[in-house]
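K.L.:
One letter stands for each residue in the lines below.
2 protein chains.
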Amino acid sequence: VTVKLYELAGAEDARLFSPYCWRIRLALEHKGLSFTSLPWRFTEKDRIAATGQGKVPVLEHDGRTLWDSWTIAVHLEETWPERPSLFGDAGGRAFGRFVADWADTVLHPALIRLLLTDIHAVIAAKDRAYFRQSREERFGMSLEQVTAGREARIEPFRQLLAPLRAGLARQPFLCGESPAFADYAVAGTFHWARAVSPLVLLADDDPVAAWRERLLARLSPASRSLTRFY
Amino acid sequence: VTVKLYELAGAEDARLFSPYCWRIRLALEHKGLSFTSLPWRFTEKDRIAATGQGKVPVLEHDGRTLWDSWTIAVHLEETWPERPSLFGDAGGRAFGRFVADWADTVLHPALIRLLLTDIHAVIAAKDRAYFRQSREERFGMSLEQVTAGREARIEPFRQLLAPLRAGLARQPFLCGESPAFADYAVAGTFHWARAVSPLVLLADDDPVAAWRERLLARLSPASRSLTRFY
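As given, the protein sequences belong to chains A and B, one line each in that order. Taken in order, the first sequence gives residues 35 to 264; the numbers are from the numbering used here. Taken in order, the second sequence gives residues 35 to 264; the numbers are from the numbering used here.
Because the hints were derived from the structure by calculation, they are not lab data. All C-beta atoms, glycine included, are put in the ideal place defined by N, C-alpha and C. Just to be clear, a hint being listed does not mean it is correct.
Selected chain B positions facing chain A (Cβ under 10 angstroms, derived; list incomplete) [unchecked claim]: (1) G125; (2) G126; (3) G130; (4) W136; (5) V140; (6) L194; (7) S212; (8) A237.
Excised from the complex, chain A in its bound form (with noise of 0.2 angstroms):
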């Protein structure tokens, strides 16, 4: 199998915080499948123009080349059936989509507003300048404003995840006894935000908390070093 899976790093590769690429490495640990991960930095939208947009990741394989992890997910489902599943049926296939709409519309929101200045703090030099314009530009003020009191949304972020802890007092995982793309889809956020911040997001007596500890033993050692910081 030859996988080549383009992947967001920072100033010394040794981090992975995109919430996206994080969900297409745990996919790809899942069924089992060897990939060379090829470190890409925001600037380099010429290594993958071939895509027609501008973001990670990107997967290589078999002389296609596709983009947008829930695409991206479901190629490697499709293409390896025989392996472990990620979604398991159509139903949880429609889990896994929906557990990752929520993640995307809900916690990702609230978390870049948390982590934007460290995000900007571990990423190449030659990204800085892109990175600060196009998001200050997004958010209509300077990166720093955006973290601005940042302790005080702490607790409103981890409000929001009520409907993660509903399922976790029944069950180890969102998907039952072991994992499958839905706890990957949130897994990726909570993998993005440990490689980039020092902010402590969860208490420690939260069952999420315990559920990203039972995600984070199943990594891979090559994984689990891009998100050992914190």
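Given the structure of chain A, go ahead and fit chain B onto it with the hints provided.
P.N.:
Here is chain B on its own, set in the frame of chain A:
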């Protein structure tokens, strides 16, 4: 089939304003099961004393008494597996449960703070003192204080629906081409609101509004009459 369903009722019986009762009514209609509705008021705890708890829906079937909307839904699915499935498969069941958890923990806490005085206005006279006292104790303020300035909280409520919009941009129902339990878990939330309140919760051009209309169009005439008010 002899199924009896205790359902929350207002002063005139003619509206149903419990999201959990709605879930079960929608589930029964999905399975094509006829049932006898037993209107129940908040203060009639003695009529459901056998359940050891004080809430509806309560379902009686074949000598058994069941409560908790999720337990009842699973019972319906397992008792009549040959009828249209509420979940489709194991993953669909997990999907339905997650969406119900999300509605319970995110939508309902926001919505009750918009609807509380409207509910008080339509419940049976004998329920009003109980309702006011128990809810004012829960919220630590008067009913009127809870809903004061609610117009300003409609837009934040709409923002909570972002995960639904993502899915409904791709397909007519959360469950795909036709609705199932995950749809009913959220439809119950909106039918509840529509049964008691003139508040316009959804903008006309919101895909969630079009989805709600599709679900309203599928209701039996009897059920439609229970959410006819607004």
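K.L.:
Tell me, which hint numbers fail for this structure?
P.N.:
7, 8
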